[in-house]
Structures are given as C-alpha cells and as structure tokens.
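Sequence order for the protein chains is R and P. What the first sequence shows, in numbering that gives the first Met the number 0, is residues 0 to 318, in sequence order. What the second sequence shows, in numbering that gives the first Met the number 0, is residues 0 to 279, in sequence order.
Errors might be hidden in some of the hints.
Claimed, not checked - Partial list, derived from the structure: chain R residues whose beta carbon lies under 10 Å from chain P:
id: 1; residue: 1
id: 2; residue: 29
id: 3; residue: 124
id: 4; residue: 127
id: 5; residue: 137
id: 6; residue: 141
Unchecked claim - The calculated label-pair distances, taken between Cβ atoms and stated as ranges, are:
id: 7; chain 1: R; residue 1: 62; chain 2: P; residue 2: 20; range: 52 to 60 Å
id: 8; chain 1: R; residue 1: 10; chain 2: P; residue 2: 171; range: 42 to 50 Å
id: 9; chain 1: R; residue 1: 125; chain 2: P; residue 2: 20; range: 31 to 39 Å
id: 10; chain 1: P; residue 1: 51; chain 2: R; residue 2: 136; range: 32 to 40 Å
id: 11; chain 1: P; residue 1: 46; chain 2: R; residue 2: 275; range: 28 to 36 Å
id: 12; chain 1: R; residue 1: 28; chain 2: P; residue 2: 102; range: 25 to 33 Å
id: 13; chain 1: P; residue 1: 40; chain 2: R; residue 2: 125; range: 53 to 61 Å
id: 14; chain 1: P; residue 1: 110; chain 2: R; residue 2: 66; range: 17 to 25 Å
id: 15; chain 1: P; residue 1: 110; chain 2: R; residue 2: 274; range: 54 to 62 Å
If you are wondering where the hints come from, they were derived from the structure by calculation, not from laboratory data. Remember, predicted model here, so these are calculated numbers, not experimental data. Note that CB positions come from ideal geometry on N, CA and C, so glycine has one too.
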Amino acid sequence: MLPYLLNRLMQTLVVIVMVSVVVFLIMHLVPGDAVTVLAGPDPTPEVVAALERKLGLDQPLPVQYVKWATAALQGDLGTSHIIGRPVEELITSRLAATLELAIAAILIASTFGVFVGMVAAQNQGRWIDGTITVVNSFVLSIPNFWFGILGILCFAVWLGWLPSGGRKSFSDEPLNALRYLVMPAVALSLDSIAMIARLVRASVLDELSRDYVTVARAKGLGPRWLMRHHILRNAAIPVLTVLGLRFGQMLSGAILIEAVFNWPGLGRLTIEAIKNRDIVLVQGALMYFVVIYILVNLLIDLSYGLFDPRVRGSVGGKS
Amino acid sequence: MAGLQYLWHHRGGRIGLILISIVILLSIFAPLLTPYGPNEQIRGNELLGMSWTHPFGTDFLGRDIYTRTLYGSRVSLIAGALAVVLGALLGTFMGITAGYLGGITDAVMMRISDAISAFPAILLAAAVVAILGPGFIQVAIAIAIAQSPLFARLARAIALIERQQEYVEAAQSMGARSGRIMMRHILPNSMGPLIVQASLSVGIAILLEAGLSFLGLGVQPPTPSWGQMLADALRFIDIIPAYAIFPGIALTVVLVAINLLADALRDGLDPQHVTSKRIT
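Based on the sequences and whatever the hints tell you, model everything.
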C-alpha cells in the first residue's frame with residue numbers, strides 16, 4: 000500500500016505544479032493587468048514603472064512564478080485589486096457555500112442513483128427497467144442550469160413552495176436553509192443521478208451473473224443480505240470512481256447553478272472576477288477549484304483499497 | 000453515404016438524424032419561417048405573452064422570442080461544430096506527435112494535456128475567454144482548448160500502437176519523414192475512434208457554449224444565443240414564463256439528437272464498444 004500511496008502522491012504533486020504554471024501564465028496573458036487597473040486612465044510611463052516595481056512585475060517571469068508559488072504555499076494568494084481584500088479571505092468566505100451545494104448534490108445523486116440503478120437491475124427486461132433507461136437517456140441530455148430555471152418556474156413562481164434563489168446559513172435557521180438548498184442541489188445532481196443509476200444497473204447485473212452469487216444463493220443467503228454485503232460492495236468500485244469524477248464536475252457545474260439560484264459560492268465569485276478582470280482573484284479561485292478537484296480524485300483513488308484488497312496489495316500500480 | 004445509411008438503420012441514430020436535420024433546416028430557412036428579424040425591436044411590444052403574432056411571446060426589448068430561438072440554433076450548431084473541429088485538430092496534433100516521437104516530446108505534451116484536463120471545462124473556457132475577450136470565435140477557441148486533452152490522449156494511444164506496425168517500419172525504411180508518416184499513415188488509421196470522440200464532444204461543446212453565453216461570457220448581444228436568452232428569461236421569469244421554456248427545449252432537443260447520433264456512431268465505428276456490449 001505504501002509505495003502505491005507515495006506514487007499517487009508524487010503524481011498529484013506534479014499535476015498541481017503543472018496546473019499552477021498554467022494558472023500563472025493565464026494571469027500574464029490576460030490583457031489589462033493590475034498595473035492598468037491601479038494606474039488609472041492615461042498614466043505616465045514613470046507611474047507605470049513605479050507600480051510595476053512595487054508589484055514585482057519588472058522581474059523575469061520565472062522569478063515572479065517562484066515568488067507567487069512560494070507565497071501561495073504559505074496561504075498568501077495576493078490581494079484583489081478590485082475589491083481590495085486578500086484573495087484567501089474572499090475565497091474562504093465563499094468556499095463553504097459551494098462545498099455545501101456540491102456535497103448535498105453528491106448525496107442526492109448517490110442515494111437516488113444507487114436506488115434507481117438497483118431497481119432497474121432487479122427488474123431487468125421489465126417495463127420499469129425500460130422506462131428508467133429511456134428517462135435516464137433523456138435526463139442526461141437536459142442542461143442542468145435549464146432544469147434549475149424550470150424548477151424556479153414551477154416551485155417558486157407558480158407554486159410558491161420554495162425560494163427562487165439565495166442562501167441561508169444552516170447554523171442560524173436550519174429548516175429555512177434546507178428550503179434554499181434543495182432546488183439548486185437537485186438541479187446540480189440531475190445528470191449524476193442518471194449516470195450513477197446507469198452504472199449501478201450495469202455493475203449489479205454484471206455481479207449477479209458471477210459464480211459467487213450462485214454459491215451464496217445455494218448456501219441459502221437471503222437476497223437482501225446478498226445485495227448489501229456482496230453485490231453492492233463489489234459494484235461499489237466503478238461507482239466510487241464515477242462519484243469522484245462527478246464531484247469534480249459538480250464543482251464546475253455549480254458555477255452555472257450558482258448563477259441561476261444567486262447562490263453566493265466560489266463559482267459566482269470567479270465569474271464576477273473574470274468579468275471584472277480581477278486577475279489575482281481569478282488566479283486564486285482557479286487554483287482552489289483545481290486543487291480540490293485533484294485532491295478529491297486522489298482520495299477516491301486511495302479509498303479503492305477499502306473496497307478491494309487487491310488494490311491494497313498491489314505495488315506501485317493501479318489495478 | 001455509407002455512414003448515413005448505417006445511421007438510418009440504427010434506431011437511435013435514425014431519431015437523432017431526423018431531429019438534427021430538422022434543426023439544421025430550421026436554422027437555414029429561419030428567414031422564411033418568420034416575418035421578423037432576430038434583432039428587430041417592436042416598440043410597445045415588450046414582454047408580451049404567447050399569441051398568434053408572437054407564438055413564444057416577446058422579450059424585454061420587444062423582440063420576437065420564436066424568431067430569436069430559430070436564429071439561436073445557428074450560433075449553437077456552428078459554435079459547437081467549430082469548437083470540436085479546432086479541438087480535434089489541436090488535440091490530435093498533440094497526441095500523434097507525442098505518441099509517435101515519444102521521449103521528451105511525449106512527456107511535455109502529455110503533462111500539458113494533464114494540466115489542461117485538471118481544470119473543470121467551463122472554468123478553463125471562461126478563463127480563456129478572459130484572455131481572448133468574449134465573442135463567437137473566442138468562445139469556440141476556448142471550448143476547443145478545454146476539449147483538446149480528450150483528443151490528445153486518444154490520438155497518442157493510437158499512435159503508440161500504430162508506430163509498432165510493420166507498415167510504419169516499411170515507410171521509415173523507405174526514408175519517409177516523421178511528418179509524412181504521421182499525416183499520411185498514422186492519422187488515417189486513427190480516424191474511426193477520433194470521429195466517435197468528435198461526435199461525443201459536439202454535445203459537450205454546444206452545452207459549454209450555452210453555459211458561457213448564460214454567464215455573459217459567450218456570444219455577445221444582440222446576436223441571439225440560447226444560453227444568453229435563458230439568462231434574460233430568468234430576469235423576467237414571473238412575467239413571461241415561455242421565454243424560459245422554449246430556448247431550453249430547443250437546446251435539449253439538439254443535445255438529445257447529438258447524443259443519439261454519437262451513441263449510434265460509437266456502436267458502428269468503435270469495435271471495442273460493440274465487443275464489450277456483446278460480452279456483458
């Protein structure tokens with residue numbers, strides 16, 4: 000297990016370094032840098048030079064990168080030139096909202112996805128299986144953000160059951176917070192439910208045809224025990240992989256859902272920063288998004304070992 | 000033609016083909032199907048409900064929503080196709096070069112590809128738009144960059160296999176240059192899987208374009224785009240619900256059609272997929 004762990008950690012580090020280079024370069028390619036913003040209209044060359052010196056922009060690019068990366072490692076991502084507050088502070092104030100949304104969505108997706116997939120697999124070939132398959136294909140083609148807009152139309156405008164947007168804190172008013180969370184979380188989880196259901200159906204059917212299931216049945220194991228302790232455990236690995244990938248995609252999908260529901264998350268902050276050309280903030284937010292995505296995938300990879308002893312035993316390679 | 004015949008005989012493929020043909024015809028003949036122009040503002044007709052003269056109603060500037068939905072298909076289809084062509088060209092070039100040349104070229108190209116694919120696609124596309132500025136071509140380029148790693152990985156895998164083949168060895172021994180071998184020999188052998196990947200990517204590209212336009216980073220007003228129409232619709236959702244419904248239906252129909260076509264193409268062109276289906 001240890002060599003496998005070290006190998007995966009090394010790979011992750013290399014990708015994070017590469018990503019930081021890309022993010023750093025993106026910042027330097029954006030027209031209208033911090034100097035343009037701070038210097039105001041028609042600045043004299045002296046003012047520009049002084050500002051460049053102050054911000055360290057007169058130094059060679061590799062030196063600037065090393066300085067930025069070192070500061071970032073110490074938790075200092077710079078100061079937003081537009082908002083005038085540290086990037087770290089701005090991001091952490093919004094990160095909880097995005098994570099809350101993504102975690103709620105992944106919980107909904109895994110619960111309903113596994114349930115629907117199991118129902119389809121246990122009724123293979125019957126009308127209920129056929130209906131689930133057709134609905135799944137259709138759901139996979141519906142854009143999440145449009146589904147969110149339809150949700151607002153039905154449940155906020157027409158029925159008035161749920162608020163059309165915004166967020167409330169769970170610590171202050173938990174029930175109200177749930178009312179605000181439910182629509183964005185369902186909209187965000189929609190395609191993941193379909194995808195996980197499809198995968199669970201295929202995995203369960205695959206496991207049902209294996210010899211160990213026949214043996215377990217012959218030994219008199221009940222169908223519920225068999226499903227919970229044997230089939231679902233074995234079918235869990237591909238589902239876990241997809242859950243990890245979906246979590247990353249939910250973080251990016253959250254950008255659109257946050258815009259639809261006025262959800263004060265990291266996605267909205269990033270898009271506002273891009274529109275305002277707040278380069279330092281864009282850079283910090285991009286790094287946060289990508290590092291979370293990479294770390295979630297690393298965790299998912301490592302958690303295979305919990306389900307599959309073969310991975311635990313394998314040296315250096317993924318099985 | 001053989002490809003079209005195959006799609007026609009595939010159940011899902013046929014539905015996809017019919018739907019996408021209808022959308023393409025509607026986008027081409029849009030001027031004949033509506034008396035209004037896509038940007039024509041009719042004073043005093045702002046935010047009207049559905050009627051015979053305005054089947055989907057009018058928007059906040061008095062423009063006919065039905066007309067703008069029709070014209071919006073042009074942006075979606077062209078931006079989606081252009082983004083995939085550019086992404087496929089870029090990714091295939093990176094992948095074949097990396098796979099055929101190997102060594103340091105391979106390592107550098109693939110690490111760049113890894114770094115690009117570590118970004119959520121819409122975020123990367125938004126960041127690229129921040130560099131290039133919003134607009135039709137810029138959005139297509141942004142989506143192309145976000146999608147290029149998919150093609151790069153696929154093309155590299157194929158190039159790694161193909162470069163071991165005898166016909167490549169024969170071409171090398173006859174003095175053919177690397178560029179010629181990659182273009183004339185390896186590329187044609189990679190086309191099948193790359194076409195399948197491209198067909199799968201068109202749907203994603205159209206969705207990304209709609210998403211970017213919804214966020215205000217895509218095609219700029221007054222050019223009609225479904226994503227941007229949905230963003231406008233959200234502002235007036237309690238006054239004119241139809242505005243939020245029809246551009247979304249149009250977008251969903253195109254995505255359903257493209258996904259059906261992509262599934263059919265995958266069944267036909269990707270022998271691995273068919274084999275795996277047969278085994279399971």
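A quick look at each hint next to the structure:
With a cut of 10 Å, the hint placing residue 1 of chain R at the interface with chain P is violated, because the nearest CB-to-CB distance is about 24 Å. Checking residue 29 of chain R against chain P by beta carbon gives a least distance of about 5 Å; that is within 10 Å, so the hint holds. Residue-level restraint check for residue 124 of chain R is violated (minimum Cβ-Cβ distance to chain P is 15 Å; threshold 10 Å). With a cut of 10 Å, the hint placing residue 127 of chain R at the interface with chain P is violated, because the nearest CB-to-CB distance is about 21 Å.
Interface restraint check: residue 137 of chain R against chain P, minimum CB-CB distance 7 Å, threshold 10 Å, status holds. The beta carbon of residue 141 of chain R is positioned within 10 Å of a beta carbon in chain P (closest approach about 5 Å), and the interface hint is therefore held. At roughly 57 Å, the beta carbons of residue 62 of chain R and residue 20 of chain P sit within the given window of 52 to 60 Å. Checking the proposed 42 to 50 Å range against residue 10 of chain R and residue 171 of chain P shows it is violated: the Cβ atoms sit about 33 Å from each other.
Between residue 125 of chain R and residue 20 of chain P the beta carbons are some 34 Å apart, a value that agrees with the proposed interval 31 to 39 Å. Our hint of 32 to 40 Å for residue 51 of chain P and residue 136 of chain R holds, since their Cβ atoms are close to 35 Å apart. Range check, residue 46 of chain P to residue 275 of chain R: Cβ separation about 30 Å, and the 28 to 36 Å hint holds. In this structure the supplied range 25 to 33 Å holds for residue 28 of chain R paired with residue 102 of chain P, their Cβ-Cβ distance being about 28 Å.
Restraint check, residue 40 of chain P to residue 125 of chain R: a C-beta distance of roughly 54 Å satisfies the suggested window 53 to 61 Å. At about 23 Å, the beta-carbon gap between residue 110 of chain P and residue 66 of chain R stays in the expected band of 17 to 25 Å. Between residue 110 of chain P and residue 274 of chain R the C-beta distance comes to about 31 Å, which lies outside the given range of 54 to 62 Å.
Checked against the numbered hints above, the structure violates hints 1, 3, 4, 8 and 15; every other hint is satisfied.
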